[in-house]
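*Asks:* Given next are the chains, with one letter for each unit.
2 protein chains.
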Amino acid sequence: MASSMHPSSPCFSLQSLPSNGSVSKSRTTSIFLRLGSPTAISLRSLIASRGSDRIGIGGENAGRMRSKVLAVSTQVMDESVSKATISKVPTIVKVDLGDRSYPIYIGSGLLNQPDLLQRHVHGKSVLVVTNTTIAPLYLDKVVVALTRDNPKVSVESVILPDGEQYKDMDTLMKVFDKAIESRLDRRSTFVALGGGVIGDMCGFAAATFLRGVNFIQIPTTVMAQVDSSVGGKTGINHRLGKNLIGSFYQPQCVLVDTDTLNTLPDRELASGFAEVIKYGLIRDAEFFEWQEKNMHLLMARDPSALAYAIKRSCENKAEVVSLDEKESGLRATLNLGHTFGHAVETGVGYGQWLHGEAVAAGMVMAVDLSHRLGWIDESLVRRVDSILKQAKLPTAPPESMTVEMFKSVMAVDKKVADGLLRLILLRGPLGNCVFTGDYDRLALDETLQAFCKS
Amino acid sequence: MASSMHPSSPCFSLQSLPSNGSVSKSRTTSIFLRLGSPTAISLRSLIASRGSDRIGIGGENAGRMRSKVLAVSTQVMDESVSKATISKVPTIVKVDLGDRSYPIYIGSGLLNQPDLLQRHVHGKSVLVVTNTTIAPLYLDKVVVALTRDNPKVSVESVILPDGEQYKDMDTLMKVFDKAIESRLDRRSTFVALGGGVIGDMCGFAAATFLRGVNFIQIPTTVMAQVDSSVGGKTGINHRLGKNLIGSFYQPQCVLVDTDTLNTLPDRELASGFAEVIKYGLIRDAEFFEWQEKNMHLLMARDPSALAYAIKRSCENKAEVVSLDEKESGLRATLNLGHTFGHAVETGVGYGQWLHGEAVAAGMVMAVDLSHRLGWIDESLVRRVDSILKQAKLPTAPPESMTVEMFKSVMAVDKKVADGLLRLILLRGPLGNCVFTGDYDRLALDETLQAFCKS
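These protein sequences, in sequence, are chains A and B. Using the UniProt record's numbering, you'd call the opening residue of the first sequence number 1 and step up by one each time. Using the UniProt record's numbering, you'd call the opening residue of the second sequence number 1 and step up by one each time.
Don't read these hints as lab results, they were simulated from the structure. Take the hints with a grain of salt, since some may be wrong.
No distinction is drawn between identical chains; accordingly, a pair holds when it is met within one copy or between any pair of copies.
Pairs of lysine to aspartate or glutamate residues, derived as EDC-like cross-links and limited to a Cα-Cα distance of at most 16 Å, are as follows [to be verified]: (1) LYS407 with GLU181; (2) LYS124 with ASP418; (3) LYS407 with ASP445; (4) LYS152 with ASP438; (5) LYS326 with ASP170.
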């Protein structure tokens, strides 16, 4: 499971946590599961296979889970430490996957610390995969970080067009073309420099070039920093659905330089907050409450608030991924709102809505359905609506979406099993969710009709 | 490591082994490694990481290796058993890869035994991937085997054009298109029905569709039955080189119905024998000697000789793959002749030469280089030439190949590491090889010049 480590110094980059930013070690978040459902069975099997000391589900085991799985160590740094010193010491969240474990470095100015990157580069050749927006901003900086005092390494780069609409096989082939023309070999390292699209594509290229080469993530958007760069999901879209072609492939490290957010457009910033909000809803009530009180700071790009939100999001993701790397069950809960959201992205055309915008609308729909099923209080419906509006995120799908469009895309969702669409829905108090195919189809129809004009 | 198992019956399909077909339990084959070379180091690391009880290399450990790793149990069946009974009981070679272990079933009439396939099908949906040559011959039979007394399973199929020239991304996309249009989900199973091209492409599609679905191999060529269907290498070609895009992805099982060889063209049959000969050269002297005496039976399609050659080849492959799944070192030795051979396939255009034909020419070149380096006796050069001629395989590359063509394709070979081309070469007595970058480049140039007009 995830843990926070602070190498060589007791301080880290959260010098002034926003109010309510302190983290209790007795958080009460838990995964609520319907024992007896097929999903619960698969999760219990998963847990059994991981050893009984790893996690318990609800009831008598809930206390142990809180203390062992969800306990997150945090340290509030000594305010006497200067900001210059602060930026040198990254927070580290570890993704624990046995011999595929890796660190997530989080902090300001990390791209100015060549050692962080260089220690994870294998071989003499690096291919940086980035896009036309990010290349002018950070490519030179990354090349310097890879090569400073390191003359043996040569760096090539490939600059892809920017946007979800280019997350396809044709664009992926440009990465292979460049890698082969540059005569990169199995000991080379691919570096993803950009947002989620770049990370997913570069990761898939790394997974499949010569049957697998080393891979480093340098995410430059909130979306990528809190979600897509962590956990090893890689892939591309098919015209009929999102992320239908891909691999599970873990990076050597994830390097989150929070300074890269300085150049992020507001719309992209907000898109990332959709995933931050998601973690609160599905498993971390205290984090959600913190967001409710501090969303204005996040929207104002307060560095400390951003750093805290990124770190806590990564901790949540790392914990889930460590317990269920290949999405046997638990990991699917990270997809709250994504089935509806993917339908929106596919339906309106890739790149029209940002991923987080579509997920926000999708979460509203999942929450609506959860409420129709009688699984959550109305107050939670209002709180979700409110926080998404604070984050300037959509709270409904675009008007062009029809019930039929939703249904046709959702039919090829990766969570369909033997013809049955399973969904992540909220159930119980804030911070609890279920992943289940056991819900009333009429209620789903009602939700779709409520959000679509036809 | 590999072992032979014979479930529920003491008999199996080798009713009358060809003369010299009996297998001694004290075979003297071994992998010869140059201790002190970088290759030797990586192999030693590999072996250390697998536990000291698995394998030793040369010298004082050679005896233990012979007895523990290479001992292959075989059973000569009771001749009183009728042929009808014989065909019911497959030989099973196990590929031991922890929780990814799987059986290779080998025998006559196995496609008439639905249980063998059905026990490995997960979920309700199956996609059979085959080609225009094989579909008219065996697709109906496979569909029956999958669905007989099994009404819950639905089977879709996609029929690809036949030939190495179609092992590309465009053709692969047809598999994804069909899978998505058929609304296959993560619990579905992909079945590869055909030769090596179909197996590699279907396997890669299975590895990457929805980030991985179940996969079964039904190889219908000698090449696929003795080599490409076993071990989990999947992938497609790039216009600049063979198999440059792919994954390691293990099947649920491999089902070798030797009856499918009845429809195999002579040229394809011979192509597969190139890999059979390879096993003898790199690690199984006794098997090579058996081939020298029995190649005429193999060429005459003697069922027993074929079954024996397939089984012993699979055992050799399974042993190597079990010790080095991801090709850290040892597994690379299975590529004897392949670096030269891939250059031929790429140079003359995919599909012009069959893979085994190119490998045969490549082995002759590797043997020539080994001899120039003084690593093997001239008698071995002659024996290789002789057995390939018996198998009606080429003993030189096509005249259109130039030194420059070889060099440009070999520069992007997967065995290049940090710019250095490593090769599999024979060294020492028959059955010994090295995987090394430590050879005289001038000797390589001489070999290329000896086999090319320009």
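*Asks:* All hints, please: hold or fail.
*Replies:* Hint by hint, here is what the structure shows:
Proximity of LYS407 to GLU181 under the C-alpha cut-off of 16 Å is restricted to the inter-copy arrangement: shortest distance 14 Å between copies versus 43 Å within a copy. In the homo-oligomer, the alpha carbons of LYS124 and ASP418 lie at most 16 Å apart only across protomers (6 Å), although the nearest pairing inside one protomer, at 46 Å, exceeds that limit. Proximity of LYS407 to ASP445 under the C-alpha cut-off of 16 Å is restricted to the intra-copy arrangement: shortest distance 9 Å within a copy versus 62 Å between copies. In the homo-oligomer, the alpha carbons of LYS152 and ASP438 never lie at most 16 Å apart, since the shortest distance is 57 Å inside one protomer and 21 Å across protomers.
Proximity of LYS326 and ASP170 under a CA criterion of 16 Å is satisfied in neither setting, with 27 Å inside one chain copy and 28 Å between copies.
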